[in-house]
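Kindly produce the complete structure, drawing on both the sequences and the hints.
Next come the chains, spelled out residue by residue.
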Amino acid sequence: MTLAQAPGGLQWTELSIFVLLFVFVSVMGFVAARWRAAASLEHLDEWGLGGRKFGSWITWFLVGGDLYTAYTFVAVPALVFGAGALGFYALPYTVILYPIVFLPALRMWSVSRTRGYVTPADFVRGRYGSPTLALLIAITGIVATMPYIALQLVGLEAVLRTMGLNGGGIAGHLPLLIAFLVLALYTYQSGLRAPALIAFVKDGLIYVVILVAVFYLPSKLGGWSHIFDSSAQALAQPNPNTGKPKGSIVLTSNNQLQYITLALGSALALFLYPHSLTGVLASRGRNVIKRNMMALPAYSLLLGLLALLGYVALSAGIKPITNAATGNADSNTVVPVLFDTQFPSWFAGIAFAAIGIGALVPAAIMSIAAANLWTRNIYKEYLRRGATPAQEAKQAKIASLVVKFGAVAFILFIDPQFSIDLQLIGGVLILQTLPSVAIALYTRWFHRIGLIAGWVTGMAWGVAMLYAIPNPNTHRAHFGGSALPLGDLSIFGWHPFSGSTVQIYPGFVALIGNLVVAVIVTIIARNLKVFNGTDDTEGTDYHADEHDKDLRPIGAVR
Amino acid sequence: MSGKAAGKVSGLQVSPWNLVLLIPLLMLVTPWFNFDKPRVLGLPFFYWYQFLFVIVGVASVAIVYVTTKGKPTVTGKPDRLAVQELDEGENR
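Read top to bottom, the protein sequences are chains A and B. Using this note's numbering, the first residue of the first sequence is number 332, and each one after it goes up by one. Using this note's numbering, the first residue of the second sequence is number 579, and each one after it goes up by one.
Take the hints with a grain of salt, since some may be wrong.
Keeping only pairs whose Cα atoms sit at most 30 angstroms apart, straight-line, the calculated DSBU-like set for lysine-lysine is [claimed, not checked]: (1) A/K577 - A/K650; (2) B/K647 - A/K384; (3) A/K650 - A/K384; (4) B/K647 - A/K577; (5) A/K551 - B/K615.
Hints were generated in silico from the structure; no laboratory data involved.
This is how it looks when you write it as structure tokens:
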């Protein structure tokens with residue numbers, strides 16, 4: 332088997348299997364509109380949340396397909412390939428995630444079910460009676476989600492280019508464009524039901540591929556012990572740009588804190604993303620969520636195994652493909668190339684389809700979540716106050732198209748690196764909504780002015796820190812990664828940890844700044860007796876469950 | 579903001595079992611497992627130790643799920659799973 336880098340080096344077997352599976356799920360996407368259909372899809376409860384009636388299995392596939400994206404599946408091993416043990420943070424991240432969100436997710440489901448909330452900003456609007464705070468949360472959600480959608484395209488494109496569709500210029504993006512057009516159309520028609528149905532295929536394929544890869548490849552390449560030893564050697568080679576070793580198979584004294592804060596910060600942030608919440612809100616009841624919090628770590632196990640493929644690629648001497656459109660070596664292609672070189676082509680085709688379809692499911696859910704935010708918290712709040720549920724659904728459908736083509740435009744006209752930067756920033760930004768969304772589920776102690784002040788602080792500081800991080804590998808002066816040396820940490824010019832080379836995740840630092848400012852401003856505002864908005868929610872709302880007698884009917888006109 | 583209907587849960591529900599959810603956070607104590615040896619099936623300690631924590635995480639959530647579900651606050655209804663009725667005790 333040859334690497335498909337030469338012009339005309341199309342991998343026909345792989346491509347045929349890929350196209351076959353792609354067409355199959357596309358048909359599913361269109362048919363999904365009729366799946367467990369309500370009388371009408373013209374309501375956000377139906378189009379945007381699939382009727383709020385998904386059971387345990389559907390939710391497991393949907394949320395699993397939503398959180399563990401194609402980009403994760405190519406980027407995590409790529410990080411391990413480049414840096415070693417640090418890239419394994421994805422495992423602790425997705426293990427501590429569920430115990431952390433178990434209780435708040437239940438409260439969020441109940442209050443949203445009772446009050447008809449569709450987005451996290453809806454909740455903030457109801458909890459604090461503040462359209463401004465809700466707008467900030469909605470904008471944060473949209474800004475954080477857009478590059479995430481674009482990154483699904485990066486994952487999809489990594490696969491397409493490995494199969495030989497590595498053209499230059501705009502024409503090189505054509506296969507991607509077609510795939511996304513199909514996706515946009517069935518999402519428009521079927522709403523959340525489409526990714527929910529397709530997720531079954533996607534996750535099934537992913538499980539088969541990863542399990543085969545993890546057992547077959549090491550036996551072919553001399554066993555895990557040999558893989559780790561040869562990877563340790565490869566990572567110990569000095570990086571030509573910095574003169575330091577590239578990485579190591581265990582953490583160093585400098586990146587342990589980075590590992591911890593990255594895992595914790597990412598875990599706190601994940602369910603603040605609007606698309607994660609969409610999966611939770613679409614479930615039928617609290618019991619479904621609880622069972623899923625137990626069952627979803629199955630995906631974490633998979634992600635951990637997948638991360639190890641970064642070492643397999645190192646050991647197999649894989650070289651990443653140069654993206655013909657940008658001219659840079661794309662480290663995200665290491666896993667596709669590994670599959671391409673090590674698997675028979677028919678199985679590589681299945682593996683690529685798994686990653687490709689794996690990009691479509693989260694992209695659909697994310698665009699629906701962003702569309703819901705736009706519709707509920709910007710369109711209905713500021714542009715058309717009296718919008719009926721049917722008008723909302725219509726608006727959201729159109730917004731989902733705009734969001735998707737916005738993401739495509741990102742990839743077509745702007746260096747994909749920009750999306751990667753933005754996604755990195757997005758994680759830091761979305762974490763800044765934690766006090767307004769997650770803490771507000773428990774207490775209204777924070778004053779809405781304090782929350783706004785904290786949000787502004789966290790945003791500004793977080794972005795400033797990321798901006799100042801250089802990346803010697805790519806010779807870029809800004810947005811070079813998410814590792815901030817503590818010695819560079821500056822509070823108005825004061826360096827509390829001057830000289831330290833220990834690294835930390837900037838999002839975590841920004842969140843601490845956010846909370847400190849929110850507390851101080853809250854205390855001031857409370858002492859000045861500034862009005863803190865009205866709370867629409869009641870204590871009982873946070874405990875409502877599916878069989879309650881007086882529960883708000885689904886699809887009700889508010 | 580207190581409850582309106584009788585028999586409904588309103589305030590925060592604190593169960594000591596919820597503290598079990600903190601156990602998986604021990605996974606963040608990297609000095610405890612940042613070693614290469616001993617290896618199992620060729621995997622360095624750093625990796626297989628963290629894989630074991632997937633089980634710890636699942637077990638912790640399962641313990642909280644099971645210990646906090648069996649307390650219905652509404653009685654005299656048809657025989658359904660208690661947890662589907664109301665779920666006192668699982669909210670902090």
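Going down the list of hints, with the structure as the test:
A C-alpha spacing of about 15 angstroms is found between A/K577 and A/K650, which places the hinted pair at or below 30 angstroms, so the restraint holds. For a cut-off of 30 angstroms, the pair hint linking B/K647 to A/K384 stands: about 21 angstroms separates their Cα positions. Straight-line distance between C-alpha atoms of A/K650 and A/K384 comes to about 46 angstroms, which puts the hinted pair past the 30 angstroms bound. Distance check on the hinted pair: B/K647 and A/K577 sit about 49 angstroms apart at the alpha-carbon level, beyond 30 angstroms; violated.
Using a Cα cut-off of 30 angstroms, the hinted pair A/K551 and B/K615 holds, with the two alpha carbons roughly 24 angstroms apart.
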